[in-house]
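4 protein chains.
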Amino acid sequence: MLFFENDYSEGAHPEVLKRLIETNMEQAPGYGMDPYCESAKEKIRAACGCPEADVYFLVGGTQTNAVVIASILRRYEGVVAARTGHVSVHEAGAIEFTGHKVLTLPQKEGKISAEDLAGFMETFYGDETHEHMVFPGMVYISHPTEVGTLYTKKELEEISAVCRRYELPLYVDGARLGYGLVSPLADVTMEDLARLADVFYIGGTKVGALCGEAVVFTQKAPAHFMTMVKQQGALLAKGRLLGVQFDALFTDNLYEKISRNAVDTAQKLQRALEEKGYELFLKSPTNQIFVVMENRRLEELAGKVRYSFWEKRDENHTVVRFATSWATPMEDVEALIGML
Amino acid sequence: MLFFENDYSEGAHPEVLKRLIETNMEQAPGYGMDPYCESAKEKIRAACGCPEADVYFLVGGTQTNAVVIASILRRYEGVVAARTGHVSVHEAGAIEFTGHKVLTLPQKEGKISAEDLAGFMETFYGDETHEHMVFPGMVYISHPTEVGTLYTKKELEEISAVCRRYELPLYVDGARLGYGLVSPLADVTMEDLARLADVFYIGGTKVGALCGEAVVFTQKAPAHFMTMVKQQGALLAKGRLLGVQFDALFTDNLYEKISRNAVDTAQKLQRALEEKGYELFLKSPTNQIFVVMENRRLEELAGKVRYSFWEKRDENHTVVRFATSWATPMEDVEALIGML
Amino acid sequence: MLFFENDYSEGAHPEVLKRLIETNMEQAPGYGMDPYCESAKEKIRAACGCPEADVYFLVGGTQTNAVVIASILRRYEGVVAARTGHVSVHEAGAIEFTGHKVLTLPQKEGKISAEDLAGFMETFYGDETHEHMVFPGMVYISHPTEVGTLYTKKELEEISAVCRRYELPLYVDGARLGYGLVSPLADVTMEDLARLADVFYIGGTKVGALCGEAVVFTQKAPAHFMTMVKQQGALLAKGRLLGVQFDALFTDNLYEKISRNAVDTAQKLQRALEEKGYELFLKSPTNQIFVVMENRRLEELAGKVRYSFWEKRDENHTVVRFATSWATPMEDVEALIGML
Amino acid sequence: MLFFENDYSEGAHPEVLKRLIETNMEQAPGYGMDPYCESAKEKIRAACGCPEADVYFLVGGTQTNAVVIASILRRYEGVVAARTGHVSVHEAGAIEFTGHKVLTLPQKEGKISAEDLAGFMETFYGDETHEHMVFPGMVYISHPTEVGTLYTKKELEEISAVCRRYELPLYVDGARLGYGLVSPLADVTMEDLARLADVFYIGGTKVGALCGEAVVFTQKAPAHFMTMVKQQGALLAKGRLLGVQFDALFTDNLYEKISRNAVDTAQKLQRALEEKGYELFLKSPTNQIFVVMENRRLEELAGKVRYSFWEKRDENHTVVRFATSWATPMEDVEALIGML
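Protein chains in written order, with my numbering: chain B, 2 to 341; chain Y, 2 to 341; chain V, 2 to 341; chain A, 2 to 341.
These are calculated hints, taken from the structure and not from any lab test.
Every clue listed holds true.
Where chains are identical, the list cannot tell them apart; a pair therefore holds if satisfied intra-copy or between any two copies.
Below, in silico cross-link-like pairs of lysine to aspartate or glutamate (EDC-like), each with a Cα-Cα straight-line distance of 20 angstroms or less:
#1 Lys221 with Glu132
#2 Lys313 with Glu123
#3 Lys305 with Glu6
#4 Lys313 with Glu132
#5 Lys313 with Asp128
#6 Lys155 with Glu110
#7 Lys313 with Glu116
#8 Lys305 with Glu27
Can you build the whole structure from these sequences, using the hints too?
The structure is reproduced here in structure tokens:
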């Protein structure tokens, strides 16, 4: 069976696992107060070119979104996101569970535009009844997006400029950030993110870790952030588990190095699909490839390949996703191409 | 100054006020356990042809929506509503504040369609990842809608049928129900509502009362509904205030009788606007009239007429709303027509 | 049947009702933007000697507590209250429903002490793990308390001093404030309250109004308070209903004048109970009288007098409450005394 | 430096780590749908003698409490717990954040009694105003408790009987369950727990795992539990991380085997403390030892031993906690004893 179902099918990258093994019996304080967390934070600050950043480690993506957003918003505010944003659609209402609305914008290939955002803000404040509405309190984007696309630096600068004009913190969900940083179309560096966003997270779960996401507040975290993390059940007693992993991922640029395999394998697959005449759902520059397949064809693949259902196209066609990761063997991609 | 800003500019209808005066010094138990509440409930059950209905009185519209919806939904569910529904847009996130998402459908003149609802449900359950999403747990519609339009009986029957197929309670916001019942296009009676909806509310604030909305659960209210009303700060100690008013409104069909004036005055205004060549935003069969006006013209009216801003049409035009009520003098409408 | 069950058995004080009648057909803007609300606010500011106060009108007591507390607290904070405080026990979890904990202190006759409060704060900040706990974010007291007792000015000054030392806003629930202001033991004026508290509310529902409570922020209300009021379903469309009533209550000192009857009748009853040898649960200086009664005796009163169950004392005795109000006829008290 | 600060200072037990290493590059489906989770669940069902149990894996203790409690309670219900229960005091208001109150009972050495619970329930339903209060909806106890004590089987049977009489689900927080199962005073087996509780969790973080807690619903989990786990940000994409670890912990009884070291080392320390004439805060049968120490003495230990502050006893004395775990070397205990 070939696995292209997602980018979290394996355990940790061997280097990460090695550090967990080496440090396993060392004794360290709990709740992220250990030296590995400290070291990892320092390395992340350096990688972001942001020596003043506040860095925290959380366990998973939905958790990170819910904790960060609910810690920043005032209670009468909501978070602005693309209609297809992960927080809008695929987190079981985690944001609403904390009392906040997701205010949606139109999207194109998973991205919002500065223009739409500015228009939304103007309409909001231009509406005389806006005090009866949810105030936009921050902006959420994902990079890469849920469909693998990337913001250009220019797009990000424009969005950031609108955010600053309206004093809206800009939050970037980087669940797959590594795969965006090493894409052939990569135009945005981690330093750019740190400069343009107010908070973003560097995804570990999908990029080499057993679990874990590193949240970077480029200015200062909200007061008593740790208490809010605890209040949402997200504070690990054995915080070292996250510190050790991110310390490894940010040693010798491992995070970016291991990301390349995901992009290389995925791009090879995408090129092959194009050459074979398949219709792409969109052209992805990262590790998730979306293609329109005949249902008949999908039945043939059953039992041989695992992929994700994306959406129904018509009676006879379905959009499916093939995802690769740091761990995907190139031979698996070649085997998959052979079957298509 | 002519008031067409809204339908809650005056106090109570004189008959309602009279009953408040007559009963003022009588002593009655609190929390809705008084004989006036009992009597009003009985009359409402009769008016709905629904002798088994559970009736409760709440104070205002947003409160009623928040209490009813948060009492019916399970915590992993959201409420399906039109993108323009009052709960989606104009209640400051009251639904999200209780932890629930508003799942939006497209709308046409403020109405959703059975077809779109069925499509939404099929897509939801057809999506293999739907367990990662907010489950649709009930449906909210308003009748009349926020823009004064009405569902036909056929439309309502179709929506109700989809709801029953998916076991989705159907909730109808009747903030302006009276004005819908007596419209020249009225096709839906209170008995129809009781038959097709699982819960609806009969608006008092906008139809003759000082305050108050009557919630009708056509089957049975959720267990411990009163405790949940209290939990949301919506339980009146002096519940008689609502009971006395609704008892008056449902004596000798007062509720519908007084509604007619609103519709008559509004329709007269709408006809006049059409005759004068104004562009209507849409054609309304009830008490709210929406018209496109030149900004210049609006400036002339300033200080003479109060109306509501609805939305910006273009640089030089604005959509405004004129609302009438049970209390609007026909002379005021004539005076307004004279100015336009 | 004699009614001593509560202090909200009748409608409005005749003067209040008169103003509602007189203004009934006037047209006024909604949402508290009407001239009656403005006038009432001005009069309340004057009565408090607090010209800069922000005044808002809400509908009922639990609602007011939930809205004020949830608008002031940060999300990691709770409200400190007496174990017997209304918000702790009798509001169906309205505070918790908004996501906040009620942190309880011991009480004596319904009152907390500055000493216990200071001790609580010291213990909290002295605990090295306090970042894993709910931060105390404000203090709630009721005056009169739930059992009719009153804070002395000295007690209130001490509590206020502790609050200011720890930057804890002090909130006073004045559901029955009028009855506290005119008690023979009254030591605290409305001006004292405005000086010592950060926010308090002046109860209308139990003191002459059909409904309504006036919230006084002695400094400034939280930003976007109106939106939060709406978000909790507490914003009245026909806000004039509250404005007109409070305008009447604060004209010619009506609020205090009508409060006297409640205290006079209650104190007469309490003296009679003492003279007849009944054991008082506590000695109340206001309008609620608590007495230990034999269950046998209570059975005899059934069908003749309505009172409230307070708590079970032992197998044969029960603590009951007799409440009076601005509306209680002295003859009713005399009739009750005759029966006891 | 000697570490007795807590029971989560090290990584994973070597056997657990070994299985993570062995399975690291295997590909498995996400969200707990992998074969390791399945296998672990089967072994846990067997260990509980409860073949029908629904087992889920979550990441940490506070998270597990918040998810389980908020998934079971109806919105008008609270959870009954000891005043000192972890959910009452040390979870930063995680339960209240989900909208629910913690209803507290008196405790003795961290335990509640069936008698107090029954009394609480009788008082609640005997109170005529209980519909204005938070309904008790489930019971939370910890075993071992926060101070290391254990319920006897008889105590647990009595509490369970009260719970069943009132249809209150009984939930047992087993963050340190292993250490309770192998205590010299252990009287309750995992099978007893499965018989007497409705849901409990088997702590992994403190007993050999990197992270992870196994929730056992002895009947059936609440409908759509997984969606609620996701909604609270607690669903791991790489669920195998938990499955592999619990599969190892429940192979060849590893969970209990490794627990013994914690109890042996702690009990040795406790005996030594007694022999040296120290005053114990209470006598603990498990892995946490509480002792009253002179502050002077604590200063001497600074820099040599890490322990936890528990509470201030008086000006000169402090209660401190020494915790051991599966990983504590006996030599460390001997070294500590030597210093005391």
